[in-house]
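**Q** Sequence:
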Amino acid sequence: MNQNALLQNKINDAIAKISVISDELPGVVIVHDLRDWSVAWMSKRGLQQLGVSLEHITSITAEEYYVRYFNGDDAQDYVPKILGLIAQNNDEDLCTFFQQVRFSDSSDWHWHMSSVKVYLRDDENKPLLVITIALPIDSMHHMTVKASRLLDENNFLRNNYHNFTKLSSREREILSLMALGKTSAETAEQLFISPSTVETHRKNIKQKLDTNSYYEICQYARAFDLI
1 MNQNALLQNK INDAIAKISV ISDELPGVVI VHDLRDWSVA WMSKRGLQQL
51 GVSLEHITSI TAEEYYVRYF NGDDAQDYVP KILGLIAQNN DEDLCTFFQQ
101 VRFSDSSDWH WHMSSVKVYL RDDENKPLLV ITIALPIDSM HHMTVKASRL
151 LDENNFLRNN YHNFTKLSSR EREILSLMAL GKTSAETAEQ LFISPSTVET
201 HRKNIKQKLD TNSYYEICQY ARAFDLI
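No gaps in the numbering here: position 200 of the sequence shown is 200 in full-length UniProt numbering, and each next residue is one more.
One or more of the hints may lead you astray.
[Stated by the list, open to error] Restraint-style ranges between C-beta atoms, simulated for each label pair:
1) Glu92 <-> Leu191: 21 to 27 Å
2) Arg68 <-> Lys44: 39 to 45 Å
3) Leu191 <-> Glu64: 15 to 21 Å
4) Ser115 <-> Asn4: 54 to 60 Å
5) Glu92 <-> Asp122: 28 to 34 Å
6) Leu7 <-> Asp210: 17 to 23 Å
7) Asn155 <-> Leu180: 31 to 37 Å
8) Asn12 <-> Arg172: 42 to 48 Å
9) Gln8 <-> Val145: 42 to 48 Å
10) Val79 <-> Leu7: 23 to 29 Å
[Said to hold, decoys possible] Computed cross-link-like contacts, EDC-like style, restricted to lysine to aspartate or glutamate with a CA-CA straight-line distance of at most 20 Å:
11) Lys166 <-> Asp73
12) Lys81 <-> Asp91
13) Lys117 <-> Asp91
14) Lys182 <-> Asp225
15) Lys126 <-> Glu153
16) Lys126 <-> Asp13
17) Lys81 <-> Asp23
18) Lys117 <-> Asp225
19) Lys81 <-> Asp36
20) Lys146 <-> Asp73
21) Lys44 <-> Asp13
22) Lys44 <-> Asp73
23) Lys10 <-> Asp91
24) Lys206 <-> Glu171
25) Lys81 <-> Glu92
26) Lys146 <-> Glu171
I should point out that these hints are in silico values taken from the structure, not numbers from a laboratory.
Just so it is clear, the structure is predicted and the values come from calculations on it, not from any experiment.
All residues carry an ideal CB built from backbone N, CA and C; glycine is no exception.
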C-alpha cells in the first residue's frame, strides 16, 4: 500500500472514531483537512443546519465553504488564532472564538462559540486534521450581545488604528474625557490647563480622527480602551 493510501486510512480511522459519538455531543463537529483546509467530515446536526449532504460539503473548496456559510468579518479575528494554534502544534492547546453562521433556511446570522484543536498528525508529526466543536448561543443570551459588541469594536479598532496613532498622549487623554461627556471647562480644571488649550486639542482631535460625531468619539474611546 502506498504512502497516500496509508495516510487516507489514517484519516478515515480518525473520522470513524469521532463519528461514533458525534450525535451525542451538544454541538456541531467539523473536521478540516489542513492540506487544503477543506471539510473532511461534518456531523449530522451541522449538515442538517446547512441543508447539505456530507458528499457536497466535502467536495467544495475551503473558500466556497467560508464565503457561503460564515461571516467574513469574524474570520479576521479568529483565523490568525487558528494559524497560531497549528504552528504551536501542541496537544494541550486549543483556540476558542465566536463566529456567525448562516443556515439553509435563513438569511440571518446565528452566533456560535467554536473551539478548535489539532486532531491528527501525519507521519512527520505535522498537523493534518483539526477538529472543531461549535456550540450555538441562544439568541436571547447576553453573550450574543457581548460577542457582537466586541466584534464591532475590534473591527472599528482595526479600521481606524491609523487615525488613532496620530493623536498625542495629551489628545488621547482629552479624547477619553470627551467621551465621558466632560465640558471644556471641566476638562481644563481636571488637567490643570486653560479652556482655550482644551478647545484647541478638541479641534485637533476631530481633524485627526476625521469626525465631528460624538458617537464616533465614544467608539474610539471604547475601542482603544480609553474608557
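**Q** Against each hint, give a clear statement of whether it holds in the structure.
**A** Here is how each hint holds up against the structure:
Restraint check, Glu92 to Leu191: a C-beta distance of roughly 48 Å breaks the suggested window 21 to 27 Å. Range check, Arg68 to Lys44: Cβ separation about 19 Å, and the 39 to 45 Å hint is violated. Checking the proposed 15 to 21 Å range against Leu191 and Glu64 shows it is violated: the Cβ atoms sit about 55 Å from each other. Ser115 and Asn4 have their C-beta atoms about 30 Å apart, which leaves the hinted 54 to 60 Å range violated.
Roughly 20 Å separates the CB atoms of Glu92 and Asp122, a value that falls outside the hinted 28 to 34 Å. Between Leu7 and Asp210 the beta carbon distance is about 54 Å. The supplied range of 17 to 23 Å is therefore violated. Separated by about 23 Å at the C-beta atoms, Asn155 and Leu180 break the suggested range of 31 to 37 Å. Between Asn12 and Arg172 the beta carbon distance is about 56 Å. The supplied range of 42 to 48 Å is therefore violated.
For Gln8 paired with Val145, a C-beta distance near 44 Å keeps the hint of 42 to 48 Å intact. For the hinted restraint 23 to 29 Å between Val79 and Leu7, the CB-CB distance of approximately 25 Å keeps it satisfied. Restraint check for Lys166 and Asp73: not satisfied, since their Cα atoms lie roughly 25 Å apart, outside the 20 Å limit. Taking the CA atoms of Lys81 and Asp91, the gap is about 16 Å. The hint holds against a cut of 20 Å.
Proposed proximity of Lys117 and Asp91 is supported: the alpha carbons are some 8 Å apart, at most 20 Å. Of the supplied pair hints, the one linking Lys182 and Asp225 holds, its CA atoms being roughly 17 Å apart against a limit of 20 Å. Of the supplied pair hints, the one linking Lys126 and Glu153 is violated, its CA atoms being roughly 35 Å apart against a limit of 20 Å. Note on Lys126 and Asp13: the hinted pairing holds, with a Cα-Cα distance of about 17 Å set against a maximum of 20 Å.
In summary, the hint linking Lys81 to Asp23 is not supported, as the alpha carbons are separated by about 28 Å, beyond the 20 Å threshold. For the hint linking Lys117 to Asp225, the alpha-carbon distance of about 31 Å lies beyond 20 Å, and the restraint is violated. Distance check on the hinted pair: Lys81 and Asp36 sit about 18 Å apart at the alpha-carbon level, within 20 Å; holds. With a C-alpha separation of about 16 Å, the suggested pairing of Lys146 with Asp73 holds against the 20 Å cut-off.
Note on Lys44 and Asp13: the hinted pairing holds, with a Cα-Cα distance of about 18 Å set against a maximum of 20 Å. With a C-alpha separation of about 27 Å, the suggested pairing of Lys44 with Asp73 is violated against the 20 Å cut-off. This hinted pair checks out: Lys10 and Asp91 have alpha carbons roughly 18 Å apart, not beyond 20 Å. The hinted pair formed by Lys206 and Glu171 meets the criterion: a straight-line CA distance of about 10 Å does not exceed 20 Å.
Between Lys81 and Glu92 the alpha-carbon distance is near 15 Å, which keeps this suggested pair within the 20 Å criterion. Distance restraint check for Lys146 and Glu171: the Cα-Cα separation of roughly 29 Å exceeds the 20 Å cut-off, and the hinted pair is therefore not satisfied.
Of the numbered hints listed earlier, those contradicted by the structure are 1, 2, 3, 4, 5, 6, 7, 8, 11, 15, 17, 18, 22, 26.
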